[in-house]
Amino acid sequence: MSEQAVQEVALRVALERAIARKSDGYDQRARQYADQLVGTKLDKTQIRGLETLAGTTDKVSDITDWLKLRVGRDSGRERWAKEGIGRDLVNQLEGLRNDAKKIAQGLGRGDPDLERQVHLRLCREFLKHLAAHFEYLKAEE
Amino acid sequence: MSELEYLLKRKQSIAAWSDRWQADAARFADGHRDLLPKRITNAQLYGLGNVVRSARRYADIERFIRHQAEKAERAGRLDVQGYWNDLKDALGKLRGEAQALLKTLPFPAGMDNREGLDALHRELAEVYVQHLIAHSLYQT
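Chains Z and C, in that order, give the protein sequences.
Using numbering that gives the first Met the number 0, read the first sequence as starting at 0 and increasing by one per residue.
Using numbering that gives the first Met the number 0, read the second sequence as starting at 0 and increasing by one per residue.
I should point out that these hints are in silico values taken from the structure, not numbers from a laboratory.
These numbers come from a predicted model, not from an experiment.
No residue lacks a Cβ here, since even glycine has one placed at the ideal position from N, Cα and C.
Do not rely on the hints blindly, as some may be mistaken.
[Unchecked claim] Partial chain Z-side listing against chain C, Cβ under 7 Å, derived:
hint, residue
1, Asp57
2, Gly71
3, Arg96
4, Lys100
5, Asp112
[Said to hold, decoys possible] With a cut-off of at most 27 Å between alpha-carbon atoms, the simulated BS3-like pairs for lysine-lysine come out as follows:
hint, chain 1, residue 1, chain 2, residue 2
6, C, Lys8, Z, Lys101
7, C, Lys102, Z, Lys58
8, C, Lys37, Z, Lys100
9, C, Lys8, Z, Lys81
10, Z, Lys58, C, Lys8
11, Z, Lys58, C, Lys37
12, C, Lys87, Z, Lys127
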């Protein structure tokens, strides 16, 4: 294996570790969102839909657009718009950009798109925790 | 660059562009907030979304927007006409963005440059309108 390939692997491992560390830190906050979401009329299909979208898109903006649309359409304020939960979640996910920036800076790579890609990964991690807690709470109901 | 490499790089470039330009589309929506949702209705925004998604060429989008502006003018709704004219300008400027993206994405051999530019312009407009609709509904 060439020196460059070894460095590439080392950076990848460091990136995965940094994301895993952050992900563990999101568990508690995601649990709080799940607690709130269980109090709405949302069911697990909609939460899974969001998790699936996050797992398949290559854009953070697709995730926040999805949420914004659903907040906007919830005129009865019984689902995503209930007590500002959807807006808080949009802000939460957008705020993960700061964590992504720190991770990307810490790795010191020259890839200008790295921060955005890490941000997307962190959104996926956050929503994975949220969906798991939500399903757990729903099953307990 | 092989065609597959080109397509992958193109996809990644558009994704990065989309995330960068979401804030600009949100600013456009915020700047016209007083017209939402009464003067510019959700149905009109959904109609715009449908046209943009189904358009084959950028000119189809521009024709739709121009038509909306003309209808508003005939009805004496100058604020609504202004909205559509502003949107036409905002989307028209994305041609420059498409050109800039293409500088980093040279076409594979055999691809028509003019058609490629138009296709990219149309795609950027679609992304911009997706952000615009989401933020407009969100604010109302």
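Comparing the hints with the structure gives:
At about 4 Å, the closest approach between the beta carbon of Z:Asp57 and any beta carbon in chain C falls short of 7 Å, and the interface hint on this residue holds. Given the 7 Å rule on beta carbons, the hint for Z:Gly71 holds: about 3 Å separates it from the nearest Cβ of chain C. For Z:Arg96, the shortest C-beta to C-beta distance to chain C is roughly 9 Å, which exceeds 7 Å, and the interface hint is violated. A hinted interface residue such as Z:Lys100 counts as satisfied when its beta carbon comes closer than 7 Å to some beta carbon of chain C; here the least separation is about 13 Å, so the hint is violated.
Given the 7 Å rule on beta carbons, the hint for Z:Asp112 holds: about 5 Å separates it from the nearest Cβ of chain C. A threshold of 27 Å between alpha carbons decides the hint, and for C:Lys8 with Z:Lys101 the separation of about 25 Å falls inside it, so the pair holds. At roughly 22 Å between alpha-carbon atoms, C:Lys102 and Z:Lys58 fall within 27 Å of each other, so this suggested pair holds. Pair hint C:Lys37 plus Z:Lys100 does not hold up; C-alpha atoms about 40 Å apart against a cutoff of 27 Å.
Of the supplied pair hints, the one linking C:Lys8 and Z:Lys81 is violated, its CA atoms being roughly 40 Å apart against a limit of 27 Å. A C-alpha spacing of about 14 Å is found between Z:Lys58 and C:Lys8, which places the hinted pair at or below 27 Å, so the restraint holds. The suggested pairing of Z:Lys58 with C:Lys37 is violated, with an alpha-carbon distance near 31 Å, which exceeds 27 Å. Annotation: proposed proximity of C:Lys87 to Z:Lys127 is violated, straight-line Cα distance about 39 Å (limit 27 Å).
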